[in-house]
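K.L.:
Residue-level listing of the chains:
Number of protein chains: 2
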Amino acid sequence: MDDMNLQQLWVVKVGGAVLEDKDTLACFLDNFEILPGLKILVHGGGRSATRLSEKLNIKSRMIEGRRITDADTLAVVTMVYGGQVNKQTVAALQKRGCNSIGLTGADLNLIRANKRAVTDIDYGFVGDITEVNSTALDLLLKNGITPVIAPLTHDGEGQLLNTNADSMASAIAIAMATVYSVSLIYCFEKAGVLSNPDDDTSVISIFTSASYRLLKEKGTIHSGMIPKIDNSFNALRKGVKEVIITNASGMNMNSGTHISL
Amino acid sequence: MDDMNLQQLWVVKVGGAVLEDKDTLACFLDNFEILPGLKILVHGGGRSATRLSEKLNIKSRMIEGRRITDADTLAVVTMVYGGQVNKQTVAALQKRGCNSIGLTGADLNLIRANKRAVTDIDYGFVGDITEVNSTALDLLLKNGITPVIAPLTHDGEGQLLNTNADSMASAIAIAMATVYSVSLIYCFEKAGVLSNPDDDTSVISIFTSASYRLLKEKGTIHSGMIPKIDNSFNALRKGVKEVIITNASGMNMNSGTHISL
Chain L
6 MDDMNLQQLW VVKVGGAVLE DKDTLACFLD NFEILPGLKI LVHGGGRSAT RLSEKLNIKS
66 RMIEGRRITD ADTLAVVTMV YGGQVNKQTV AALQKRGCNS IGLTGADLNL IRANKRAVTD
126 IDYGFVGDIT EVNSTALDLL LKNGITPVIA PLTHDGEGQL LNTNADSMAS AIAIAMATVY
186 SVSLIYCFEK AGVLSNPDDD TSVISIFTSA SYRLLKEKGT IHSGMIPKID NSFNALRKGV
246 KEVIITNASG MNMNSGTHIS L
Chain A
6 MDDMNLQQLW VVKVGGAVLE DKDTLACFLD NFEILPGLKI LVHGGGRSAT RLSEKLNIKS
66 RMIEGRRITD ADTLAVVTMV YGGQVNKQTV AALQKRGCNS IGLTGADLNL IRANKRAVTD
126 IDYGFVGDIT EVNSTALDLL LKNGITPVIA PLTHDGEGQL LNTNADSMAS AIAIAMATVY
186 SVSLIYCFEK AGVLSNPDDD TSVISIFTSA SYRLLKEKGT IHSGMIPKID NSFNALRKGV
246 KEVIITNASG MNMNSGTHIS L
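Residue numbers (this note's numbering), protein chains in the order written: chain L, 6 to 266; chain A, 6 to 266.
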């Protein structure tokens, strides 16, 4: 595929911690708004869901960064991700003159998923993505609209499903790569992938599969970072032009970690 | 304006009580889905917001059917109306093959409002509608998409505002009446406007401003019904073709109460 003929599209995933600090969020939204051209925002919101669960005496259970989602927890994440975080973000982008629309995978039948099969673990109402409706996203983009997507999908049978936001961003980037030249940005609280987790200046500029093997063996890269990087390599293998892991202030500065196959 | 040349559009408002009973909701959604042609759904969701507020120890205060909305209550209604009720309804419509999209007034800058001025009463984060973006709604409708709208607006400065769903439906119907032949349906738990509130068979088929004066004086019509009927007359005066008040099962049967100037 010749990327030169395709229009640039940014797919930006922003993590929970960035969304929760008011100043960091404002910094992120300012930088997101000035990204030139077409863009899609995918957001998480994990910690606020945990806080609401606590207030409602619903136990939060996580396994390898994935939330076990019983019916009560699904209601909580639908309210927090699909309602509070999504709509506040849209209102904040409208203030900045960015004409956005808040969506879940159910809206416009955007992202279909299968409820994860029960093996040793029953994840509950958790969805594994089967299909991204790139035509619907394209319709919005072509009309100057910026989709803001919450990490919820549906099964087409009326059931909403909790879905990992990193995986959603990667799946959307891959689906859109057939019609756009796609840059996928994972924006989180760190400046990039760090060679020393305690030193925020130890950002690895270019991160290859060789670096990955090494740092995984050393235990430097673990838990939530592993699916993020797996999603990054997967996106690159499936036609996404570039993947960058960075923080709110680094987004427009060509800083952070560039993932390379 | 010659209605003969305009395409039919249904604007249906469904109330909280209909949404909360599983069977009634399924009946409503089945009937909504088979309405022929273009349609917009506006929903409330008041009682579930009250229930979540209770669980979170947030006091619900209502004055003349309007919820006093402090910051905590705004978070609750954003979660319940914009998240839970809205996204579940969208997923249920997708199951029925109705390609819907869940929205608030902030999405696509759809509905702007001013925070209500403080007089004797401080309603808090409550919005009075100033503008409906009919162009954005038209874009969705022309692409075969059914908007499902939660009763939240924004002020353009990043602030979401709680807004009465009956007023939203009326304002949307009026805005769309310039380009469509609009029927506005208020769907709630009763079969229509009743001449005897205790007798569900006492539906008034045609309700005029003369009937209104009479029944208001007698006290038969009061509280939440008054803004609904005021909104109905206002819609008719401003170009909406017809206004019908009915229940879930009456929606496709030409039953219920037809409001007439």
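No lab work stands behind these hints, which were simulated from the structure alone.
Being a predicted model, the structure only gives us computed values, none of them experimental.
Each residue gets a CB set at the ideal place from its N, CA and C atoms; glycine is no exception.
Please note: incorrect hints may appear among the correct ones.
To be verified - Computed beta-carbon distance windows for the label pairs:
{"hint": "1", "chain 1": "A", "residue 1": "119", "chain 2": "L", "residue 2": "60", "range": "47 to 53 angstroms"}
{"hint": "2", "chain 1": "A", "residue 1": "222", "chain 2": "L", "residue 2": "136", "range": "55 to 61 angstroms"}
{"hint": "3", "chain 1": "L", "residue 1": "12", "chain 2": "A", "residue 2": "61", "range": "43 to 49 angstroms"}
{"hint": "4", "chain 1": "A", "residue 1": "13", "chain 2": "L", "residue 2": "136", "range": "29 to 35 angstroms"}
{"hint": "5", "chain 1": "A", "residue 1": "59", "chain 2": "L", "residue 2": "123", "range": "31 to 37 angstroms"}
{"hint": "6", "chain 1": "L", "residue 1": "143", "chain 2": "A", "residue 2": "222", "range": "29 to 35 angstroms"}
{"hint": "7", "chain 1": "L", "residue 1": "60", "chain 2": "A", "residue 2": "231", "range": "51 to 57 angstroms"}
K.L.:
When the structure is checked against the list of hints, which entries are broken? Sort them ascending.
P.N.:
When the structure is compared with the hints, numbers 1, 6 and 7 turn out to be violated.
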